[in-house]
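> The listed protein sequences derive, respectively, from chains X and S.
Numbering-wise (the numbering used here), the first sequence opens with residue 1 and increments by one.
Numbering-wise (the numbering used here), the second sequence opens with residue 1 and increments by one.
Since the hints were made in silico from the structure, they are not lab data.
Hints should not be assumed to be uniformly reliable.
Rough simulated footprint, nothing fancy, chain S against chain X, three-plus residues with beta-carbon under 8 angstroms [stated by the list, open to error]:
#1 35-47
#2 103-109
For lysine to aspartate or glutamate, the following EDC-like pairs were computed, each having C-alpha atoms within a straight-line distance of at most 20 angstroms [unchecked claim]:
#3 S:K106 x S:D27
#4 S:K96 x X:E53
#5 S:K54 x X:E53
Here a beta-carbon is modelled for each residue, glycine too, at the ideal position from N, C-alpha and C.
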Amino acid sequence: DAGVTQSPTHLIKTRGQQVTLRCSPISGHKSVSWYQQVLGQGPQFIFQYYEKEERGRGNFPDRFSARQFPNYSSELNVNALLLGDSALYLCASSPGTYTEAFFGQGTRLTVV
Amino acid sequence: GIQVEQSPPDLILQEGANSTLRCNFSDSVNNLQWFHQNPWGQLINLFYIPSGTKQNGRLSATTVATERYSLLYISSSQTTDSGVYFCALPPPGTYKYIFGTGTRLKVLA
Numbered sequence: 001d002a003g004v005t006q007s008p009t010h011l012i013k014t015r016g017q018q019v020t021l022r023c024s025p026i027s028g029h030k031s032v033s034w035y036q037q038v039l040g041q042g043p044q045f046i047f048q049y050y051e052k053e054e055r056g057r058g059n060f061p062d063r064f065s066a067r068q069f070p071n072y073s074s075e076l077n078v079n080a081l082l083l084g085d086s087a088l089y090l091c092a093s094s095p096g097t098y099t100e101a102f103f104g105q106g107t108r109l110t111v112v
Numbered sequence: 001g002i003q004v005e006q007s008p009p010d011l012i013l014q015e016g017a018n019s020t021l022r023c024n025f026s027d028s029v030n031n032l033q034w035f036h037q038n039p040w041g042q043l044i045n046l047f048y049i050p051s052g053t054k055q056n057g058r059l060s061a062t063t064v065a066t067e068r069y070s071l072l073y074i075s076s077s078q079t080t081d082s083g084v085y086f087c088a089l090p091p092p093g094t095y096k097y098i099f100g101t102g103t104r105l106k107v108l109a
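Whole structure, please, built from the sequences with the hints as guidance.
Laid out in structure tokens, this is it:
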């Protein structure tokens, strides 16, 4: 079975631009969560979606948004990029909301 | 909010040595996971262990939820064990995982 897949793996953007990151969960998993990991720190929770509905939001500005599609894949959008948005963005997939999470390989975003 | 502290923050071992990593948390938990983050950033699941003891090869983990700590044991360490080890758990009634401060392990050949 394929694991959690994220695309792209690396991305370079300019300040002020917008970016869309994509995640495909493990087959049969209905929950997708997004995390941001800046260098030297642990991942920080951004969003969780379950059955296409937002179930949780972390302490991130409104420039961050996400959605989940009928096939349970998900997109994370970040508008008006700042240098501080440079980070590894991780997607996690799980069967339900309170179950074991499995992470993708991440998208490394660099904002210049 | 819930606090998740890991110790030690850094650990250097000679290949073949054993080690114990600790995760302390400040609130009750229903889920707890241990991850190994490799140098490429991939978070690899080691254990899903809200309570009790589990073993997988050279690794084992124990969570004592009533005393609010979890331990990860690595025996006969190998250079491929190098990386950062995180414990993570969701505060009660929430869906988000709070990650610990991490333990950076380096195993020398």
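> Run every hint past the structure and note whether it holds.
Each hint, compared with the structure:
no., hint, result
1, 35-47, "holds (count 6)"
2, 103-109, "holds (count 4)"
3, S:K106 x S:D27, "violated, 30 angstroms"
4, S:K96 x X:E53, "holds, 15 angstroms"
5, S:K54 x X:E53, "violated, 34 angstroms"
Of the hints listed earlier, those the structure fails to meet are numbers 3 and 5, in rising order.
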